[in-house]
Amino acid sequence: MIDRRKFLTTVALGTASAAFLSACGQSSSSGQTGSADNPVTITYTWWGNDDRAERTRKAIALFESKNPDIKVNGNFSDFAGYWQKRATEAAGGGLPDVMQWDLSYLRDYGQRNQLLDLGTVKINTDAFEKSLLPSGQIRGKTYGIPTSTNAFAVYYDPAKLASLGIAEPDGSWNYKEFNAFLAEVGAKGNGTLFGGTDYTGIWWNFNIWLRQNNIQAFTEDGKLGFSKDDLKKWWNLTADLRGTGAIVGEDKATQLLPKSPFGSNVTATEVTWDNFMAGYLADSGAKELKLVPVPSDDPDNLGLFLKPSMLMVASAKTKYKDAAARFIDFMVNDPEVGQIFKTSRGVPASKTQRDGTTFEGTDKLVVDYEKSIEKYLKDAPEPPIVGFGTLESTFKRVTQDLNYGKLTVDGAADAWFKEAEDLIKQNA
Amino acid sequence: MTQSPTLSRRSASAPTPPRKSRRRGADARAGYTFLLPWLLGFIALTVGPMISSLYLSFTNYNLFDAPKWIGFDNYVTLFQDERFLQSVGVTMNYVIFGTPLKLAAALAIAMLLNSKRKGQGFYRSAFYAPSLIGASVSIAIVWKAMFGDSGPVDQGLSFFGINLGGWVGNPNMTMGMMILLTVWQFGAPMVIFLAGLKQIPADLYEAASMDGAGPVRKFLNITWPMLSPVIFFNLLMETIHAFQIFASAYIISNGEGGPAGSTLFYTLYLYLRGFSDFRMGYASAMAWLLVIVVGIITLIFFKTSKSWVHYSGDAK
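Protein chains in written order, with my numbering: chain A, 1 to 428; chain B, 1001 to 1316.
Chain B extracted, bound-state conformation:
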């Protein structure tokens, strides 16, 4: 995600509160000047296309002819489109099961790696490695081979008497395969968790030990609340990220969302509608609907965060 470095940098370098307004004006000018290259790119490459896609979402546009204004037709048609509804179902499944599992894995590994042991640097790099290559095409191909008929996974399970056959061709198993792929790429949230864990003062744990608290108690009463902003941040990022899954689904299903539509993720269907069927207006409507839905979910997260996310300086 491109947002994460921006976020962490801004929060890390929390500047001192501004004192003089004159200084502030000069600072702002300098700031915007430095921002300019990025800002221009942002406006030309992100905001511009977004506005044009918003317009296109109200049109019938096939790439070749001029867009034809059709009002809300695309949005209405979406909800009568069975494949669209299927893609929503598939994506929700992935987000709801994949994201918490991935975060749980990331947190668990981060806690293991937080202890002082020899060779921790090596382990940290090793556990992070899958995330570096994870989003790539090659891994999706490897995954496909691993979960095929008589692939390592099938053979491994058969050894224990579980005969599922290949996962790739079985519509009931492909979602499990996709979720495993995302869980395996826990590196990015893990690194952030690790940084968060390092910030928790060790004396809190020492005091808790003195009072006779066990590991579960310490986790629930110290780690979880102290880490809650980081957990919140990771949850938000990973949820948004999960909604955008595309590349791995595209490779594993040969760009078709099969078998039987079981990997027809939202963005994949959007892509097929746009670039295979030349229905760019329809695809734009899908893109905007996704932006709105993700926006609403983000808002809900922020609203509920008040009850479980604790920041330093908050009155408890």
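Isolated chain A (complex conformation):
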């Protein structure tokens, strides 16, 4: 039997000890170089699915065969986990040498001196649109080189629309017409096919709507450029559609993760970036998917822009600056890399790479789409404010709560603004 004294002297202490360690790394000023006999090894990490992993591995193999003095160690994860890993590595001073990067996180790391100023190394940017490069620059320093561009679009599956007897849209629509279209799909889809997902849940779509109404999302000094009323107006756009067949319910969408409802053949349309084409085709098994512009109440201002779909960055602490720069240069400029990725990273940003790539089939659709909206395109957005990644995910989460009926539009706007103001104050 257990006796009291022995038992009680052993006090059980439950701890939620989160080990928050911080350490400092050392940086060396001169980049080390290797030779064919004694190559240097750089690490490279990216986010994406198996398809991208396969393509990236091919590109790395090609790079290594052309640069025998450099070896590249590749590693990848999904998008959400990707940033948690980078945060931990940055705290420990061990970011990979070269990384695929997203615009949303460029300020977080760039302004905090975690990324290498690529202006100090040799990367050829002659073949880039001059309007695109600033999106990788902060306060005159270049932290990221865009690999490719993407633009917002409405995807639809022509076969699904045909089976319901609905005419294909031409993309000249306002929000009312777009809503009516979604509702029609929902009504005819009869519970098995929904119109789309709630398009008000995506930050970038809201950003486009703001541009259509000539409102800036963020001010120069890193504050919000729009009001709570603007946000309420936005979330009210689909108020009548929520809970109907026009929008797939959040309970369904949640279960399909990590696939999207569109990729799972549950919806007929999706509003998102045009470089998701390859992923959607692979997920859904659809024969063909088409792209049309997003709705706008002002037919002359679609609010569209080309965004760097991803950037290449290097760690500020890399020991192999030269090797990192050569790898980045290769990934963004080499025509053969373009042939490997096609449009799965977006449309190649470098003209050298774009011209060296043959686009066929669906890849051509994406390139053609970006050409077709050329006259509506405005300047690429500045890198968003520090902590933007949080705001973006909060935006999505709050819209999900709206769809679950856990929040009203007013409550949702309050919740998001509180988070945003809190964050801006934190980083001030």
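Treat the hints as calculated values from the structure; they're not laboratory data.
Errors might be hidden in some of the hints.
[As the list claims (entries may be wrong)] Stretches of chain A that chain B covers, calculated by requiring three or more beta carbons in the stretch to come under 8 Å of a beta carbon on chain B: (1) 79 to 87; (2) 394 to 403.
[Unchecked claim] Some chain A residues flagged as far from chain B (calculated, every beta-carbon gap over 12 Å): (3) Ser65; (4) Pro68; (5) Ala91; (6) Phe218; (7) Asn265; (8) Lys406.
The C-beta atom is built at its ideal place from N, Cα and C for all residues, glycine as well.
Mind docking chain B on chain A? Use the hints.
The following block gives chain B in isolation, referenced to the frame of chain A:
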């Protein structure tokens, strides 16, 4: 839990009371020498980070810049943070309903397995198996598939005319799903219960039978009081364990605590604040608040234990 083996070993090998103080000093030296490797690890890997996280909890720290001292701001902000309050609610729900259910299941199975029957060894292993794999990622994924739309659970219930749809996407059902997952992992407390049951002298039951006591009577008057230290130990451990739920919630909700915040457990929110939002000071404050709350609850358990936990040698 790492504490349980330590505890049981110490209580099992109850040493003879020390007689000579000289012997005692030498013993202590040898003891500490043997403890040293563990002690060093404990100080470097547990105490050190805990102290630094205590400091960080009073700062605004984003991982990149030097921590900025802000006093109790983090702790004050916590109580105005609706998601924090939601995470407290979710976790309390889980602890209050999940822990007793799990212990009841563990005790019931332990009592079934305590009888002398052929193949008991097999059954014991079989019932323990879920706990070996239960905390793993794969089970959380299987769970997610089982409770999805048209998953086995949905179909099984539909067969009986209960149409709930998928549980995974329904904010009102996810807690039930999480609790079922923890109840299913009753193995660890079950093994401890089983060991406790074996310690109860059989002659007590024989005497009770002679006096005409039924099974309920025997349970209430013999099993429960004789087992009470073990029950207390399991209750304490499982409660603490429940507060720390993370992995399964992380997998089932894709690390977001959804749907609609219904699986936003305390540690998950802590993690999101720290590693998604880079608010390490805030996350540290949450961690320390949890340590304090769990400490208080443990203390309350110990205080109330006097009235219902019976140890051998206690005057009754």
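Each hint tested on the structure:
{"no.": "1", "hint": "79 to 87", "verdict": "holds (count 5)"}
{"no.": "2", "hint": "394 to 403", "verdict": "holds (count 3)"}
{"no.": "3", "hint": "Ser65", "verdict": "holds (37 Å)"}
{"no.": "4", "hint": "Pro68", "verdict": "holds (36 Å)"}
{"no.": "5", "hint": "Ala91", "verdict": "violated (4 Å)"}
{"no.": "6", "hint": "Phe218", "verdict": "holds (18 Å)"}
{"no.": "7", "hint": "Asn265", "verdict": "holds (14 Å)"}
{"no.": "8", "hint": "Lys406", "verdict": "violated (5 Å)"}
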